[in-house]
Amino acid sequence: MSSSIANETVGTANAKEGITLHGFLTNTWFLYAVSLCGFFFLWDRVAYLQIFGDSLARPHVVAQKLYTLSQVKFAGTNLAGHIWASTQRVLIGFGLASVIAVPLGLFMSLNQHVNALVKPIFDLFKPMPPIAWVSISILWFGIGEFSKIFIIAIGTFVPCLLNAYNGIRLIEPELYDVIRVLGGNRKDEIFQVSFPASFPAIFAGLQISLSVAWTCLLAAELMNARNGMGFLIKRGMDTHDPALVLGGMVLIAAMAWLSSLLISLLERKCCPWKRSIDNL
Amino acid sequence: MAYEEIAVNKPLILKILPFVSVGAFLLLWEWIVVSGTVPSVLLAPPSQVFTLFINKLSEPNPDGAVLAVHAWTSLQEAFLGYGLSLLVGIPLGLAMGWFKVVEGLARPIFELIRPIPPIAWIPLTVFWFGIGLTGKVFIIWIAGIVPCVINAYVGVRMTQPALIQMARTYGATDWQIFCQLCIPSALPMIFGALQIALAYCWTNLVGAELLAADTGLGYLITMGGRLGRPDIVVLGMISVGISGAILGFIIDCIEKKLLAGIRR
Amino acid sequence: MTTAGTACPPLKIHCEDISKTFIQKGHIGVPVVRDINLDVEENEFLVVLGPGQCGKSTLLRIIAGLETPDTGYVTLDGDPVTGPGPDRGLVFQGYMLFAWETVMGNVEMGLKLRGIPKKERQAIARHYIKLVGLEDFEKHYPHQLSGGMKQRVGIARAYANSPKVMLLDEPFGQLDAQTRMYMQHETARIWEHEKRTVIFVTNNIDEALFLADRIILMEGKLPGRIKKEYVIDFPRPRDHAHKSILELRAVITAETELVL
Numbered sequence: 001m002s003s004s005i006a007n008e009t010v011g012t013a014n015a016k017e018g019i020t021l022h023g024f025l026t027n028t029w030f031l032y033a034v035s036l037c038g039f040f041f042l043w044d045r046v047a048y049l050q051i052f053g054d055s056l057a058r059p060h061v062v063a064q065k066l067y068t069l070s071q072v073k074f075a076g077t078n079l080a081g082h083i084w085a086s087t088q089r090v091l092i093g094f095g096l097a098s099v100i101a102v103p104l105g106l107f108m109s110l111n112q113h114v115n116a117l118v119k120p121i122f123d124l125f126k127p128m129p130p131i132a133w134v135s136i137s138i139l140w141f142g143i144g145e146f147s148k149i150f151i152i153a154i155g156t157f158v159p160c161l162l163n164a165y166n167g168i169r170l171i172e173p174e175l176y177d178v179i180r181v182l183g184g185n186r187k188d189e190i191f192q193v194s195f196p197a198s199f200p201a202i203f204a205g206l207q208i209s210l211s212v213a214w215t216c217l218l219a220a221e222l223m224n225a226r227n228g229m230g231f232l233i234k235r236g237m238d239t240h241d242p243a244l245v246l247g248g249m250v251l252i253a254a255m256a257w258l259s260s261l262l263i264s265l266l267e268r269k270c271c272p273w274k275r276s277i278d279n280l
Numbered sequence: 281m282a283y284e285e286i287a288v289n290k291p292l293i294l295k296i297l298p299f300v301s302v303g304a305f306l307l308l309w310e311w312i313v314v315s316g317t318v319p320s321v322l323l324a325p326p327s328q329v330f331t332l333f334i335n336k337l338s339e340p341n342p343d344g345a346v347l348a349v350h351a352w353t354s355l356q357e358a359f360l361g362y363g364l365s366l367l368v369g370i371p372l373g374l375a376m377g378w379f380k381v382v383e384g385l386a387r388p389i390f391e392l393i394r395p396i397p398p399i400a401w402i403p404l405t406v407f408w409f410g411i412g413l414t415g416k417v418f419i420i421w422i423a424g425i426v427p428c429v430i431n432a433y434v435g436v437r438m439t440q441p442a443l444i445q446m447a448r449t450y451g452a453t454d455w456q457i458f459c460q461l462c463i464p465s466a467l468p469m470i471f472g473a474l475q476i477a478l479a480y481c482w483t484n485l486v487g488a489e490l491l492a493a494d495t496g497l498g499y500l501i502t503m504g505g506r507l508g509r510p511d512i513v514v515l516g517m518i519s520v521g522i523s524g525a526i527l528g529f530i531i532d533c534i535e536k537k538l539l540a541g542i543r544r
Numbered sequence: 545m546t547t548a549g550t551a552c553p554p555l556k557i558h559c560e561d562i563s564k565t566f567i568q569k570g571h572i573g574v575p576v577v578r579d580i581n582l583d584v585e586e587n588e589f590l591v592v593l594g595p596g597q598c599g600k601s602t603l604l605r606i607i608a609g610l611e612t613p614d615t616g617y618v619t620l621d622g623d624p625v626t627g628p629g630p631d632r633g634l635v636f637q638g639y640m641l642f643a644w645e646t647v648m649g650n651v652e653m654g655l656k657l658r659g660i661p662k663k664e665r666q667a668i669a670r671h672y673i674k675l676v677g678l679e680d681f682e683k684h685y686p687h688q689l690s691g692g693m694k695q696r697v698g699i700a701r702a703y704a705n706s707p708k709v710m711l712l713d714e715p716f717g718q719l720d721a722q723t724r725m726y727m728q729h730e731t732a733r734i735w736e737h738e739k740r741t742v743i744f745v746t747n748n749i750d751e752a753l754f755l756a757d758r759i760i761l762m763e764g765k766l767p768g769r770i771k772k773e774y775v776i777d778f779p780r781p782r783d784h785a786h787k788s789i790l791e792l793r794a795v796i797t798a799e800t801e802l803v804l
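Chains as they are written, first to last, in the working numbering: chain A, 1 to 280; chain B, 281 to 544; chain C, 545 to 804.
Please keep in mind that the hints were generated in silico from the structure rather than gathered at the bench. Be a bit skeptical, because a hint or two may be false.
Said to hold, decoys possible - In silico BS3-like cross-links for lysine-lysine, where the CA-CA straight-line distance does not exceed 25 Å:
| # | chain 1 | residue 1 | chain 2 | residue 2 |
| --- | --- | --- | --- | --- |
| 1 | A | K187 | C | K772 |
| 2 | A | K119 | B | K295 |
| 3 | A | K274 | C | K787 |
Claimed, not checked - Okay, the calculated beta carbon distance ranges per label pair:
| # | chain 1 | residue 1 | chain 2 | residue 2 | range |
| --- | --- | --- | --- | --- | --- |
| 4 | B | V300 | A | L258 | 23 to 33 Å |
| 5 | B | I530 | C | K662 | 52 to 62 Å |
| 6 | B | F359 | A | A63 | 46 to 56 Å |
| 7 | B | Q356 | A | N224 | 23 to 33 Å |
Said to hold, decoys possible - Under 10 Å between C-beta atoms, here's a sample of chain C residues computed to sit facing chain A:
| # | residue |
| --- | --- |
| 8 | F566 |
| 9 | A608 |
| 10 | P624 |
| 11 | G627 |
| 12 | R632 |
| 13 | L641 |
| 14 | T646 |
| 15 | L657 |
| 16 | F681 |
| 17 | P686 |
| 18 | R758 |
All C-beta atoms in this analysis are idealised placements derived from N, C-alpha and C, irrespective of residue type, glycine included.
Chain A with its partners taken away, still in its complex shape (with noise of 0.2 Å):
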């Protein structure tokens, strides 16, 4: 019954938003075509009447420029060497770091020992923003592979542990209750509490983590590096190339979207239960 007259409301709404609104012209997809024209026209617009000088390339040049790129070897390697050699240093530090702190989180979470001798130390790092390690890791580690994974690592970490530790934290404490209710000791509360109950917190913690990621990844890559979409950008900057510095910040983008759909699906799939909430 109750449920009959919420949706009776839901349902006034919405004829409600149909009526003020006027029929096509406030279609969603209609506006939506819409923005997105008129967003490549301005950027168009803007490029050719060279408002920023020479200094912001149109659409279809940067296009033209991602082909031409996608053919020939720039800098040793073609577009796809590029996006990979990236990717994979994302995927290596990310890997690396969420294997780490996932577990360590949920251990803090669990062992008020465990908490009480690493949460200090990490809560000393934690507000050092992770792009603050680019110098001391190329001090460290040089300029090759590894400082860059090493940047991206330490970035990415402190979002997983955070979340993997919040998640057991905030878990309703009554769940354990029924745990022990049933029977269960403190290993099943652990297993089949603690762990399934923080999934969700731990994917949120892999997709902040993944966005921090491809922003560390970009620091490092700017600041050295031979090849990767962030080499295409900074090649870009010195050469002052917009065309090639906008067909890197479209490639970024593309990867870091793609990445945390993954991510989405990924969690789709682990996590069944899960009430599809939908917003931004």
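Position chains B and C relative to chain A; hints supplied.
The following block gives chains B and C in isolation, referenced to the frame of chain A:
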């Protein structure tokens, strides 16, 4: 739920352990450098960093400015960018949450820009604005605006439909509902964005300064790296960390005040 | 006030002088229950009735073994209760289902924890899922169920573990009035079907009258004490609007202080 028992006496060991671990950490750090396990060209011991800190309060060399100037530059950029992102992001997010047209027009562009890491804008901002204040403020603005928009949007969307319905039955107009119902109910989410946006801004500030700057804490770190002076790098990192933590703390206090204000 | 545990029906649960004080905000002690003496007979349906915040849930949690009383003790079949165990099944007010398990996964959890082989435990679980009328929802996740259905899973989960005593902590407190009435009928039906000793905590007097063999009325303020005891021997199934029930309802209502 109401049965959480609060431990009256935290076991002594749990009170001591944090100090032990931080102390051990600092001692270990000092020791591995002093003993030569890690060469001093790679890492500076805490004592040296502290001496440098005292020196840098008055000594502009070798990087061209005293610590206070670096910090002031960074703070200025951060606050300008942060303020602008709040100023633009929150109203935009609110409007996107309530007005279908605004959402339809703004959302695709927002979704296009969102996955670009803010520091990827550095080359373009250098082309457009040079390495001065404007470019960095732009990057910080881009970084901070994302959480503001998202939280304001979600905040409006989470307004209880029953309340909106009630307002309608009292004859409120769309605009009145938006101003007097949706915005207040989105406030807690918006305050939540303050903290997140600040963290984003601060991170990307360092990134922006690493590449294009002539003063600022991020620049201090880069210069330390270029000069091969690990003590300067570490000092820069610590300064960034501490000032970020202080800012976070201040915002946290403001947030709590504001939240207490609306609860009443 | 103590119904001295005389010989005739076997005593299932015996609470002796139970008191409990919670410590809040560091060191403010809040006495929650005081001097509770209570005996529950085998297969008796006992309802603990009291308004919100009168310590009745705490009493239940002490019997479940989730809280330790400051003074006094609880025995089950003569053995002192030292902690929670599968011999007492608890149904929670907030359902407390495992969101990551299906209905089947939830109901078989207790059996799984005790290491019963998969096939066997699923057969048992299926029996209880059927008993609560959810046989078509075995593979559903809790968020796909309505409140009443969730609580039926909670009841099946407790039942499946074949406890000696069922403890229900305001199980229908979050349901709307109609579902609540329906769930009361269901509870009575399930109980008649598989008799257990039941302690049922509620703040709803009609629920108490409908279900109870005996009602324990708690005082309306902290610390919780037992105020009165009523034996209800009306035949089942009962009717909420039956004359003698309404008369008793008036008597009990007169005893209950209104707490606002």
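Outcome of the hint check:
no.	hint	in the structure
1	A:K187 with C:K772	42 Å, violated
2	A:K119 with B:K295	12 Å, holds
3	A:K274 with C:K787	49 Å, violated
4	B:V300 with A:L258: 23 to 33 Å	45 Å, violated
5	B:I530 with C:K662: 52 to 62 Å	56 Å, holds
6	B:F359 with A:A63: 46 to 56 Å	38 Å, violated
7	B:Q356 with A:N224: 23 to 33 Å	28 Å, holds
8	F566	14 Å, violated
9	A608	6 Å, holds
10	P624	17 Å, violated
11	G627	7 Å, holds
12	R632	7 Å, holds
13	L641	8 Å, holds
14	T646	8 Å, holds
15	L657	4 Å, holds
16	F681	14 Å, violated
17	P686	8 Å, holds
18	R758	24 Å, violated
Hint violations for this structure: numbers 1, 3, 4, 6, 8, 10, 16 and 18, all remaining hints satisfied.
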